[in-house]
Amino acid sequence: MYGQLLRAQWLALRLPVVLLAVLGFTLPLLTVTYGGGLEGGPAGRVAQWLFEAQQIGQLIPFFALLAGVLLGIGAWSADHAGKHVYASSLPLSRARYVWLRFAAGATLMLIVVAALLVGALVAVGSVRLPSGVHAYPGQLTVRFLVAAMLCYAIFFAIAASTKRAALAVLGVIGGVVLADVVLWGIGDSTAQVTPTLFMWLTNWPGPLSILIGRWALFDV
Amino acid sequence: MSTAIETRGLAYRAGRDFEIRGLDLAVREGSIYGFLGPNGSGKTTTIRLLLGMLRARAGTIRLLGREVPREMPAVLALTGYVPERPHLYPYLTVDEAERFHAAFFPQFDVGYAAGLRRSFALPGDRRLSSLSKGEMGKLLVLLALAQRPALLVLDEPTDGLDPVVRRDVLAALVDFCSQGRATVFISSHLVHELERICDWVGILDGGALVADLPMQDFKNGIKRLLVAHAPAAAAGAPFAVLRREPEGNEQVWVVRNWEPRMAEWFAASGAELREVADLDLEEGFVELLSSSRAPAA
Chain A
0 MYGQLLRAQW LALRLPVVLL AVLGFTLPLL TVTYGGGLEG GPAGRVAQWL
50 FEAQQIGQLI PFFALLAGVL LGIGAWSADH AGKHVYASSL PLSRARYVWL
100 RFAAGATLML IVVAALLVGA LVAVGSVRLP SGVHAYPGQL TVRFLVAAML
150 CYAIFFAIAA STKRAALAVL GVIGGVVLAD VVLWGIGDST AQVTPTLFMW
200 LTNWPGPLSI LIGRWALFDV
Chain B
0 MSTAIETRGL AYRAGRDFEI RGLDLAVREG SIYGFLGPNG SGKTTTIRLL
50 LGMLRARAGT IRLLGREVPR EMPAVLALTG YVPERPHLYP YLTVDEAERF
100 HAAFFPQFDV GYAAGLRRSF ALPGDRRLSS LSKGEMGKLL VLLALAQRPA
150 LLVLDEPTDG LDPVVRRDVL AALVDFCSQG RATVFISSHL VHELERICDW
200 VGILDGGALV ADLPMQDFKN GIKRLLVAHA PAAAAGAPFA VLRREPEGNE
250 QVWVVRNWEP RMAEWFAASG AELREVADLD LEEGFVELLS SSRAPAA
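Line by line, the protein sequences are chains A and B. Using numbering that gives the first Met the number 0, you'd call the opening residue of the first sequence number 0 and step up by one each time. Using numbering that gives the first Met the number 0, you'd call the opening residue of the second sequence number 0 and step up by one each time.
Keep in mind that the hints were calculated from the coordinates and are not lab data. Just so it is clear, the structure is predicted and the values come from calculations on it, not from any experiment. There's no promise every hint is true.
Estimated spans, in silico, between C-beta atoms of each pair [said to hold, decoys possible]: (1) A:Pro90 with B:Arg126: 22 to 30 Å; (2) A:Val97 with B:Phe17: 26 to 34 Å; (3) A:Leu58 with B:Pro122: 43 to 51 Å; (4) B:Pro245 with A:Lys82: 44 to 52 Å; (5) B:Lys132 with A:Arg13: 26 to 34 Å; (6) B:Ala57 with A:Val181: 25 to 33 Å; (7) B:Ala57 with A:Ala94: 24 to 32 Å; (8) B:Arg125 with A:Gln191: 57 to 65 Å; (9) B:Gly159 with A:Ala165: 28 to 36 Å; (10) B:Ser291 with A:Lys82: 27 to 35 Å; (11) B:Phe17 with A:Leu109: 40 to 48 Å; (12) A:Val97 with B:Arg126: 24 to 32 Å; (13) A:Pro90 with B:Pro245: 53 to 61 Å.
Each residue gets a CB set at the ideal place from its N, CA and C atoms; glycine is no exception.
All chains, please: the whole structure from these sequences, using the hints.
Spelled out as C-alpha cells, the structure:
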C-alpha cells in the first residue's frame, strides 16, 4: 500500500520535486560563488565572503517553507479533486490512510533534503577554506530536514482539513490582526498582539523557531 | 435468508431542502437490487451513507453482517464500489490504476482483470485523464469486479454512456453475477436498464422509500384498468389504487399488486371491468412516483 501510494504521489508531484531538488542542490553552491582564492587572502575579503555566504544561507528557511507548501498541499490535491471518494472507498481506516499519505510525502521530501546535502558537500569540496573558517554541511542539512518537515506537516494538516477548519485557521489569523488594529485604533500602543504572537512562535521554544536564526554552511 | 444490506430508521439531512427520513432497507444476500429514483431523490446520498462516506443523523446500517461505520475497513474490503462520477487519480495510466487498486484489495483477481481489460479493449498505457467517458466507466467497473467482492455497489454505472459501452458494462455485470453469490446494489433512474438484471426493486423519492418489491411484481403487478360503472370508493379492494380518473363514461384505474382473480371484486361491486392493460416499466415507475407524491385524500 505504501509503495503504491508513494509511486502515485511521485507521479503527481515529480515536477515540483525535481525542481525543488535542483534548487536544493543549487542553493549551497551559490554560497561559494565568490569563494575562490580565499586561502591566505586578506581577512577583510574572507569576512565579506562569509557575510555574503550567510546572506544566501538565509534563503534556505524560505526554501524549506516552499518545499513544505508544495509537497504538503500537493499530497492531497488528487484526493481533493475526486472529493475524497476514492480514498474513502479503500479498505483502511482514515487515520491509516492519512499516515500513509504523510509518509509518502515525507519520503519525497527526503529527495529534496538529499539534493541539498549533495549540493552542500559539493560546495564544501569546491573551496579551500582559510584557517578558522569551518563548513557545516551535515548540520545545515539536518536543520533543513527538520524545518522542511515541520513546514510540510503544517501544510499537510491544513490541506487535509475541511474547508470549515481551513476557514477557522484563517479566521484566527484575521482575528489576531483585527485585534491589533482595534487596539491601535483605541490608542493602546503597548498591546501588540501580532508581533507578540510572532515572537512566541519564532523564538525558542516556539514551534517555528527552527526557521529563524543563522543558516550558515560556512562559519567561524 | 440473511441480508447483505440492512438499514433501520436511517436519517440524514443536507441543508434545508434535502433529507432522508427513516429509511428501512433490507437487501437479501445474493440478490440484484435495483435502487430506482428520479434525479435528486437521494440515491447517491444513501449509497454514501451505506459506505460510511457520510454520517447518518440517526438509524443503523449493517453491511454483510457488519456495523457501519464502526467496521468500515472490513466492510470495504469485501465491497466493490462504482461511484456516480469518476474519482480515480487522472495522472495514473490504466495499468498503474489497476496496480494501485490491487494493492489495497487482497482478493483482487489479476487474471480476471486482465480478461476484462481485453474484452473492454482498454489500453493499459493510456493516462486516465485521456480516457473517454465510456472507457472510464469500463475501468471503474473492471476495478470493482476484479476485487471479487461479496457486495457490489454501483451508483448509476451506465449514466451517460453510449449504448455499445452500456451493453458491454451490463454484460460484464451479468457475467459476474452468474459466477457467484455476490449481492449487487445498483442505482439508476433508467428503469428499463434495471429490468434486465435486477430481481428486486426499491424506489426512492424525496428521501423516502416509496416501493420495495420483487421485480416480477413490479413488471406484472402494475396495470391500467378500464372500468365502467366504477364504485365511488375502492375500499376493501384486494389491490392498491395508484390513480383513478374519468375517461368518457368510464374510469381509468392504475392499480398495483394486481392478479387476474381480482377482476371478481369489480363484479361484486357492481362495476364492469372492460380492459386490463400492461404498463411498461417506465410507466409503472412514473405511476408509483406520482401516487407517492399525491397529497393524501
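To see whether the hints hold, each was checked on the structure:
no.	hint	verdict
1	A:Pro90 with B:Arg126: 22 to 30 Å	holds (26 Å)
2	A:Val97 with B:Phe17: 26 to 34 Å	holds (29 Å)
3	A:Leu58 with B:Pro122: 43 to 51 Å	holds (45 Å)
4	B:Pro245 with A:Lys82: 44 to 52 Å	holds (50 Å)
5	B:Lys132 with A:Arg13: 26 to 34 Å	holds (27 Å)
6	B:Ala57 with A:Val181: 25 to 33 Å	violated (44 Å)
7	B:Ala57 with A:Ala94: 24 to 32 Å	holds (25 Å)
8	B:Arg125 with A:Gln191: 57 to 65 Å	holds (58 Å)
9	B:Gly159 with A:Ala165: 28 to 36 Å	holds (33 Å)
10	B:Ser291 with A:Lys82: 27 to 35 Å	holds (31 Å)
11	B:Phe17 with A:Leu109: 40 to 48 Å	holds (46 Å)
12	A:Val97 with B:Arg126: 24 to 32 Å	holds (26 Å)
13	A:Pro90 with B:Pro245: 53 to 61 Å	holds (58 Å)
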